[in-house]
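2 protein chains.
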Amino acid sequence: MDIKQYMEQVGQQARAASRAMAKADSATRNRALLLIAEAIEREAPALRAANQLDLDAARAAGLAPAMVDRLTLSEAAIATMVEGLRQIVALPDPIGEISGMKFRPSGIQVGQMRVPLGVIGIIYEARPNVTVDAAGLCIKSGNATILRGGSEAIHCNRALAKLVKEGLLGAGLPENGVQVVDTTDRAAVGAMITMPQFVDVIVPRGGKGLIARLMEEATVPMIKHLDGICHVYIDAKADLQKALDIGFNAKCHRYGTCNTMETLLVARAIAPRVLPELAKLYATKQVELRCDPEAMAILAGYPHLVAATEEDWATEYLAAILSVKVVEGIDEAMDHINRYSSKHTESIITEDYTDAMRFLREVDSASVMVNASTRFADGFEYGLGAEIGISNDKLHARGPVGLEGLTSLKYVVFGHGEVRK
Amino acid sequence: MDIKQYMEQVGQQARAASRAMAKADSATRNRALLLIAEAIEREAPALRAANQLDLDAARAAGLAPAMVDRLTLSEAAIATMVEGLRQIVALPDPIGEISGMKFRPSGIQVGQMRVPLGVIGIIYEARPNVTVDAAGLCIKSGNATILRGGSEAIHCNRALAKLVKEGLLGAGLPENGVQVVDTTDRAAVGAMITMPQFVDVIVPRGGKGLIARLMEEATVPMIKHLDGICHVYIDAKADLQKALDIGFNAKCHRYGTCNTMETLLVARAIAPRVLPELAKLYATKQVELRCDPEAMAILAGYPHLVAATEEDWATEYLAAILSVKVVEGIDEAMDHINRYSSKHTESIITEDYTDAMRFLREVDSASVMVNASTRFADGFEYGLGAEIGISNDKLHARGPVGLEGLTSLKYVVFGHGEVRK
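Quick note, the sequences are listed as chains Y and C, same order.
When we follow UniProt numbering, the leftmost residue of the first sequence carries the number 1, and every step to the right adds one.
When we follow UniProt numbering, the leftmost residue of the second sequence carries the number 1, and every step to the right adds one.
Hints are not guaranteed to be accurate.
Which copy is meant is left open, so a pair is good if it fits within one copy or across any two.
[What the hints assert, rightly or not] Derived lysine-lysine pairs resembling DSS-like cross-links, with alpha carbons at most 30 Å apart: (1) 102 - 165; (2) 165 - 23; (3) 237 - 23; (4) 280 - 421; (5) 102 - 421; (6) 237 - 208; (7) 102 - 285.
The hints are simulated quantities; they were obtained by calculation from the structure and are not laboratory data.
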């Protein structure tokens, strides 16, 4: 069987399973999640042995240490997976909720019911924990799932797939409710993103390169973001301490996350006061500052100072590097943001009511904040309970995507024999 | 300038205008709508003269009478357009609404703000009234709009575009907030659906052929439905009078609409009682019944009886034709629906609580009804106030799409200096 045929079979099986997944009640779906958690706990030694095969192959192939690190399924990582599943069980069931039922002049009562999307495809790198997290969220939301993890994790993913199937069957759900693509052939990804008849949405989790490649070919809609070029704007009326706390936290709390600040904009009136103080904080972390001429002049003497190029304003560094620009005020700041932002997350630091309200209203990004660190743009911090991904698109889910992003609202009508006049 | 360059210029202008459209307050957007309504009333004779040029050309080209009819801008049609704009003014403003603001353990307060999508592209047939309806809904929802109507209406659309611009400028909004594509070259459509950098969503309004062609090429997301193969299932426990009323209304109220019933499914236990009675009603309208063998036997003697083919179950007739099938019960009915339905609208007629609840939950269509005519699947009937289109997709808007479908929810965070720990 060639890859395309194999993937179509996987797709057909997913579509067939999706109906049973969608109509299963809350208790059944939660029972499957708990059985999977138990199976993973019980089979931890076997999982680690399977993972060891992946790790040996990865080291033999000279995989970068950071990737080997992500690939590693430590005891702690297994415990975290199991705990994650139990947390998903504790979340409220999004499925079947009926909202807004209102009587209409015709006599019918109309509202909306939250229902699963159907079949979710997840494409991700060689991180075995994603296999379980993603399967858990999709089971909870009543969807069938096709998981395609990085080929370096194939042994571990196969072992996990077996346990997931065991849990599904134990709860009386179809074993094809979750399928792990059992091939390392890259053509499987190409097939998966071009079969809208079997897959309702793709959630790619990975670097910008992976997602950009998928976008070129995909005919299935995706919930995705390419990059996070996030801005903090320190307004003329900013509280100095808040500006320092947030300016430091948004850049230095973690460098590699998509909600990390990459560009700092500072109002001219406050720049001479705030920039030198902030630079003292950045200096403790050896943050390189790529500055426009005005910020450059204010920061003269800072040990890691570089002149910014046009390209810097459009770059997600994911590193101890920050672009810095002095602007006249909120209008120039918003012009800059609307030009260079990846529409992920932006924050204004200000005590001025009108500027705060204008920023919230006029900045066209998935998350817009006042006096808070961009690092808060996250499913857990927003109270979604879990996060399947982040979306920079405007249709369907926008910003951090939790269980609701894996659902759809259909209209339901309670009638009493009404006909249209 | 070639068509592609021209459309890119239109796109750039729309994108530039979208920021001013988005930040305009309710009063400004409503003022523009009222000014457009006034201008159309005032210029009614000039509009009818422009329309006459289109009608003369259409008749000379031998356009079908039904299309000439749609193209005609009668005095009544102008009054309806004007009234439609005033109704849009009276709708609540969807933009800027903030919902769900909740404090999180970190101290930040998180919720969502409803904002415009940005730039909406509308592609439609030669119906001048759509130009004004669509422009009105997009202005109300704070979006910039590119309108591409059927080339047969070009004179009339040009005249309307002038009045729309007059209204926008009169209210202090950018004249490019609404642009009518000023060329009859079909390449303009191809360009419009492949410039995601300038257009956020396309709403195609037209026949299945048009939309299927657009789907093959579009890289901009679309809010669309291809067809409406809607089902009514008369359950064994149906109330006979409701079954007759709804079975007749869903088919015969209007034949050409997407929410018209195309297939009737009847439970075996009730078929001998309900089908002959229904046939008496259908006979008054000479409805052709394309039946499976069992329905055929029950209806023997009906004057317009035809044996159904496999193709019939998958056909949207848009005519006085109905497919009829006898099924064992709700499971076979739902299997049939999930196989052949276009996922638009389905209705069950039953007095049985469990069957009603199962149908609502398990049928995967945009509208699912109990004891009501499928003809109610409509933005006005659902209380959306207006309808830009209908969506059979599951992502973003599903079912009748009103003003909210032209908006997006972004996250807003009110902070007080919080940083991530």
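Results for each hint:
no. : hint      : result
1   : 102 - 165 : neither (41 Å within a copy, 38 Å between copies)
2   : 165 - 23  : within (18 Å within a copy, 51 Å between copies)
3   : 237 - 23  : between (54 Å within a copy, 22 Å between copies)
4   : 280 - 421 : between (74 Å within a copy, 20 Å between copies)
5   : 102 - 421 : within (19 Å within a copy, 44 Å between copies)
6   : 237 - 208 : neither (36 Å within a copy, 56 Å between copies)
7   : 102 - 285 : neither (57 Å within a copy, 34 Å between copies)
In the structure shown, a violation is registered for the earlier hints numbered 1, 6 and 7, in ascending order.
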